[in-house]
Structures are given as structure tokens and as C-alpha cells.
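Using the sequences and the hints, build the whole thing.
Protein chains in written order, with the numbering used here: chain A, 5 to 112; chain B, 41 to 154.
Some hints could be false.
[Unchecked claim] Pairs of lysine to any residue residues, derived as SDA-like cross-links and limited to a Cα-Cα distance of at most 20 angstroms, are as follows:
{"no.": "1", "chain 1": "A", "residue 1": "Lys46", "chain 2": "B", "residue 2": "Asn47"}
{"no.": "2", "chain 1": "A", "residue 1": "Lys46", "chain 2": "B", "residue 2": "Ala42"}
{"no.": "3", "chain 1": "A", "residue 1": "Lys99", "chain 2": "B", "residue 2": "Val94"}
{"no.": "4", "chain 1": "A", "residue 1": "Lys46", "chain 2": "B", "residue 2": "Gly82"}
{"no.": "5", "chain 1": "A", "residue 1": "Lys46", "chain 2": "B", "residue 2": "Pro79"}
{"no.": "6", "chain 1": "A", "residue 1": "Lys46", "chain 2": "B", "residue 2": "Val94"}
[Claimed, not checked] So the derived label-pair ranges between C-beta atoms look like this:
{"no.": "7", "chain 1": "B", "residue 1": "Thr45", "chain 2": "A", "residue 2": "Glu7", "range": "30 to 40 angstroms"}
{"no.": "8", "chain 1": "A", "residue 1": "Lys60", "chain 2": "B", "residue 2": "Thr55", "range": "22 to 32 angstroms"}
{"no.": "9", "chain 1": "A", "residue 1": "Glu97", "chain 2": "B", "residue 2": "Thr60", "range": "29 to 39 angstroms"}
{"no.": "10", "chain 1": "A", "residue 1": "Ala21", "chain 2": "B", "residue 2": "Lys97", "range": "38 to 48 angstroms"}
These are calculated hints, taken from the structure and not from any lab test. The beta carbon of each residue, even a glycine, is placed where N, CA and C say it ideally should be.
Spelled out from the first residue to the last, the chains are:
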Amino acid sequence: QKEVEQNSGPLSVPEGAIASLNCTYSDRGSQSFFWYRQYSGKSPELIMSIYSNGDKEDGRFTAQLNKASQYVSLLIRDSQPSDSATYLCAVKEGKLIFGQGTTLQVKP
Amino acid sequence: EAQVTQNPRYLITVTGKKLTVTCSQNMNHEYMSWYRQDPGLGLRQIYYSMNVEVTDKGDVPEGYKVSRKEKRNFPLILESPSPNQTSLYFCASSLMTGYNSPLHFGNGTRLTVT
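This is the structure:
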């Protein structure tokens, strides 16, 4: 069965620090990788997508993909309390599969 | 504004009383899908549709029905709701099923079945 694994957390970081969120996946044929942010009681919101090995940066967010290791990560620089949310990793190979999410807490 | 609209946002009902949750998108997306989200279980796909009149089961389809008569609408039907269907439901759509088409989610429907 295809799986996407994330540490549920919570991951707690101080304001201004770098938050590192990790995700592993089981299907080597996976083509696309997404990070969604979900505030409590709200809908998931796409924040990053990455399709090839390496890093992709967008503002304070950097997605990193290593297909050989079947590993995708999200770095949030200069973390803010408003970044406190659950971050869902999603992997697509035909079907889109979500991890259970990592809860991030940014302490002022 | 491009969006996926679900209604209602909150719904409390009793066991066995048929209900429909509506979903509409204004982005001309081909692909639409329903998910339920439960604590500890994450997002699980109920049904999906790749185009008009084309629907298929996801991971947890039991107790649910869908239809796709028009491209923009994809209602979720619970013919005889049961308490184990109490959950947070999301409708989502994407332009196509290709690998670089991310999902856009509606605001969610919190359903309670007593």
C-alpha cells in the first residue's frame, strides 16, 4: 500500500527560528509533491509544490526533494506565530495521497 | 473569485435522515473529489470524478453516493447517515488529473450525526 509518513508532532520552535518539517513516501514512481497548510477547523491551503530533485524556494518557504531517498521536506525560515498550523505532505503518483500532518507551534 | 464552495458549513442530523452536501467550483476544473478528515486518520478520499458522468470510489466510499451531472457541481449524498459518518468533509477540485495539478479545497462541512 502506498504510504506517506509524517511525524505528527507537535514541533515547537521559537519565533524567528527555522522550522523543518519532514515527509517520507513509499512509492518510487511518485511524480509530484505538495505541502498544504491547515489551520485548525479550516481547509488545507496549498503553499508549495515541487516536482524535481533539489530545492525550491518561495519567500520564507523552501521545499526540498530527494527522490532517491524518497524524502521531501519543508523549511520555514524566520518562523512566525501565524505559521502555527498543521502541515500536510501530499504525494502524487496517479492518486494523491496525504500524510497525517505535522502540527507546528511557533512560540513568541 | 476562483473558489470551491461547499454548503452547508455545519450540519447536525439524526441517524437515517437522508442529506446532501453540495459542492460547486467556478474554475472549469475537470477533476473533483470528496474527502473526510478525522483525528488521527488524516484526509481520506471518499469518491472522485475525472469528468462529467465519470465517478469512482476512493478509499472509504461505503455509505456515500455522488453524482457529476454538470462540470461545476459534485454533490455528496448520504442516503442513511450513521454516527460513524460524523466528520469534517472537504470537497476539492483540480484542473486535470495530471501530475502538476494541485487540489483546491472548499471551506469544509462539519457533519454531526446523532
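Status of the hints after comparison with the structure:
1. A:Lys46 / B:Asn47: Answer holds: Lys46 of chain A to Asn47 of chain B is near 14 angstroms, not above 20 angstroms.
2. A:Lys46 / B:Ala42: Answer holds: Lys46 of chain A to Ala42 of chain B is near 18 angstroms, not above 20 angstroms.
3. A:Lys99 / B:Val94: 16 angstroms, holds
4. A:Lys46 / B:Gly82: 14 angstroms, holds
5. A:Lys46 / B:Pro79: Holds. Lys46 of chain A to Pro79 of chain B sits at ~14 angstroms (cutoff 20 angstroms).
6. A:Lys46 / B:Val94: 29 angstroms, violated
7. B:Thr45 / A:Glu7: 30 to 40 angstroms: Taking Cβ atoms as reference, Thr45 of chain B and Glu7 of chain A lie about 32 angstroms apart, which means the hint holds.
8. A:Lys60 / B:Thr55: 22 to 32 angstroms: 48 angstroms, violated
9. A:Glu97 / B:Thr60: 29 to 39 angstroms: Holds: the Cβ-Cβ distance is about 32 angstroms, inside 29 to 39 angstroms.
10. A:Ala21 / B:Lys97: 38 to 48 angstroms: The hinted range 38 to 48 angstroms holds for Ala21 of chain A and Lys97 of chain B, with Cβ atoms some 43 angstroms apart.
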